[in-house]
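Q: Make the full structure from the sequences, and use the hints.
These are the residues of each chain, in order.
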Amino acid sequence: MKTFIAMLILMIVRLHAETGDARFAKGTTAYTSGDFAEAVDQFRRIVEEGNVSAAALHNLGNAEWRVSRPGYAVLAWERARALDPFNVNTAANLRFARSKAHIEAPTQSWHELYSTWLPTTAWLVAATLALWGGVILLTGPRLLGWRRADWHQGVAALLLGIFLFTLPALLGISRRAQLGVVLEDETPLRLTPTREAETLVKLTGGEVARVESERGDYLYVRADGDRAGWVLRKDFVRVWQ
Amino acid sequence: MKNQLAAIALLISAPVFAAQRGALDLYNEGVGALRRGELREAESTLREAAQTNSPAVQPLALYNLGHVRFQQGKETLKGEGNRQQLLNSAEAAAAVAQEAIRSSQEALKGGALEEIIGAYMEARSARKQLRTSRDETTRAMDLQGSALWRWRRSVGDFHSAQELDPSNKDASFNADVVERHIKELLKSLDKVKEQNESLSEQRQKLGELMKEMRGKIPKSMQRQSDSEEDEEDDEDEKQPDGQKEEENQKPPKAGSKQEQRIGGEREVSQDMAKLLKEMLKRRTMQLGDKEDGLRPGEKKGMNGLIFGDETRKPEQRKGRNW
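Residue numbers (this note's numbering), protein chains in the order written: chain A, 1 to 241; chain B, 1 to 322.
Think of the hints as simulated: they come from the structure by calculation, not from any bench.
On a predicted model such as this, the values are computed, not experimentally measured, just so you know.
Check before you lean on any hint, since a few could be wrong.
As the list claims (entries may be wrong) - With a cut-off of at most 30 Å between alpha-carbon atoms, the simulated DSS-like pairs for lysine-lysine come out as follows: (1) B:Lys-205 with B:Lys-109; (2) B:Lys-128 with B:Lys-211; (3) B:Lys-74 with A:Lys-202; (4) B:Lys-78 with B:Lys-109; (5) B:Lys-128 with B:Lys-187; (6) A:Lys-202 with B:Lys-183.
Said to hold, decoys possible - Simulated restraints, written as ranges between beta carbons of each label pair: (7) B:Gln-85 with A:Gly-216: 47 to 57 Å; (8) A:Asn-89 with B:Phe-173: 52 to 62 Å; (9) A:Thr-199 with B:Glu-38: 18 to 28 Å; (10) A:Leu-171 with B:Glu-38: 37 to 47 Å; (11) A:Leu-167 with B:Gly-22: 14 to 24 Å; (12) A:Lys-234 with B:Asp-135: 43 to 53 Å; (13) B:Lys-169 with A:Trp-117: 52 to 62 Å; (14) A:Glu-184 with B:Ser-44: 24 to 34 Å; (15) A:Asp-217 with B:Glu-38: 50 to 60 Å; (16) A:Gln-241 with B:Asn-82: 54 to 64 Å; (17) B:Ala-56 with A:Ser-53: 44 to 54 Å; (18) A:Trp-110 with B:Gly-22: 24 to 34 Å; (19) B:Lys-169 with A:Asp-35: 48 to 58 Å.
Ideal Cβ positions, reconstructed from N, Cα and C, are used throughout, including at glycine.
A: Pasting the structure below:
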């Protein structure tokens, strides 16, 4: 029975992966043959089905750009960069899109920039392993009656040191989680979170802003140049959602 | 221990209270300015109060902002003078122009030099009259466009105030009142626009006829200044009407008014002097005049339990130059 269940799970996982691979291939073919709308559809479905990868997001961004939806393209590229901060093509595409739309790159604090040195998962794994490794090495001998050795303390100190180095990155990651992208051009930045609010300024699709608070259907965001106001949730998507 | 906990709680909540206080101060300043009739200051301060996002202050600030913008629209319209008189004088100018067009066409048909010269002079005078009337209607259109923009914003503010505080029925009532005013203004704007277009058309027609007549008058009989003046008139025509219409849709720019003030060595005309005199009077005008049917602006702010300090007026505060 157990073997049957395990095989079933394995089959489902494989099928899932195969579907993702097939879609990726279909999307790539559509893109190379110039059918960008179909490419958008295929890559988006990969993401919606949970097979999220930096490559799929990067290609989704390219296809969105080709169908003239810069806001959606920047969102996909930002998401790709969050998964794979070392991809030079994604970074180049973002630079290109911003220069075309005359948009500034978002201003980031030092700990946010520091958090981009490694992928998010790498920081989380490093912080978890370093913290728990250090704690186990320090408390293990006493609690479990192991024989104490000098290296225990040395390695524990090293691990806790690593953990301390991950702290600013974790803070940066939590701050970057508030970043989002304006999807459409001419998105009104409102004075108040209401339907007939005064428009303070219009935001360009692809602009990155930081969410500061939420109320009902609205998000209070701050864009570059200290432009702050309310936007409709449907017009603005967080990079990490 | 209890005291320590209370101190910690106070320390944590201090920034929240400070923010609330800031919003309340701005709100009080705005309401004070509204009461004194300083509409521009009231607008900017109440906007700031609304922008603080304090849930208690925001709906009240918007409600009063609605009042401020409605008043601003009314003030703007006072500058246009008597609307009916303007339409009547435009109609009179159109009638004179029509007659001049008829005479010019007849003179051109007849071909007699004397008649042509007479018709030319008549056309020239009619065209000048048309220009004056057209300028007046254009100015009225600008003012009405500006008032319309402010009133539309006022409706938005009242609706927003009610959206944030559904119990505020006054806001919805006021929005309906302003909407009625907007409907009336739109009707008037349509009339003025129609008149303005017809004046422009007639001016153009007269211009063409004058050009034709000028061709028939010997050069020796033409004064240099005549053709120069006519050309100046023609140059004024070149400004596209579409541009004017677009300007009407936009909010009035502070910069453009400034430009006018700085740029010219203009004499103050009698009309302008009258207008300035009226505006100076209005600075001391009391709020809440009953003719517009709006419910008073300061009402909500003054009876709100949230603020508590009903007796405290912005003027009593020290240390701020406002």
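Q: Next step is simple, just say for each hint if it's right about the structure.
A: Hints, one by one, checked against the model:
1. B:Lys-205 with B:Lys-109: holds, 16 Å
2. B:Lys-128 with B:Lys-211: holds, 15 Å
3. B:Lys-74 with A:Lys-202: Measuring from Cα to Cα gives roughly 28 Å; hence the hint holds.
4. B:Lys-78 with B:Lys-109: violated, 47 Å
5. B:Lys-128 with B:Lys-187: holds, 28 Å
6. A:Lys-202 with B:Lys-183: Satisfied, since the Cα-Cα distance of roughly 28 Å is no more than 30 Å.
7. B:Gln-85 with A:Gly-216: 47 to 57 Å: With a Cβ separation near 50 Å, Gln-85 of chain B and Gly-216 of chain A satisfy 47 to 57 Å, so the hint holds.
8. A:Asn-89 with B:Phe-173: 52 to 62 Å: holds, 59 Å
9. A:Thr-199 with B:Glu-38: 18 to 28 Å: Since the Cβ atoms of Thr-199 of chain A and Glu-38 of chain B sit about 25 Å apart, the hinted range of 18 to 28 Å holds.
10. A:Leu-171 with B:Glu-38: 37 to 47 Å: holds, 46 Å
11. A:Leu-167 with B:Gly-22: 14 to 24 Å: Since Leu-167 of chain A and Gly-22 of chain B have Cβ atoms about 33 Å apart, the given range 14 to 24 Å is violated.
12. A:Lys-234 with B:Asp-135: 43 to 53 Å: holds, 47 Å
13. B:Lys-169 with A:Trp-117: 52 to 62 Å: holds, 57 Å
14. A:Glu-184 with B:Ser-44: 24 to 34 Å: With Cβ atoms ~30 Å apart, the hint holds.
15. A:Asp-217 with B:Glu-38: 50 to 60 Å: With a Cβ separation near 35 Å, Asp-217 of chain A and Glu-38 of chain B fall outside 50 to 60 Å, so the hint is violated.
16. A:Gln-241 with B:Asn-82: 54 to 64 Å: holds, 60 Å
17. B:Ala-56 with A:Ser-53: 44 to 54 Å: For Ser-53 of chain A against Ala-56 of chain B, whose Cβ atoms are near 47 Å apart, the range 44 to 54 Å holds.
18. A:Trp-110 with B:Gly-22: 24 to 34 Å: Holds, since Trp-110 of chain A and Gly-22 of chain B (Cβ atoms, about 29 Å apart) stay within the stated range.
19. B:Lys-169 with A:Asp-35: 48 to 58 Å: For Asp-35 of chain A against Lys-169 of chain B, whose Cβ atoms are near 56 Å apart, the range 48 to 58 Å holds.
The earlier numbered hints that this structure contradicts are 4, 11 and 15.
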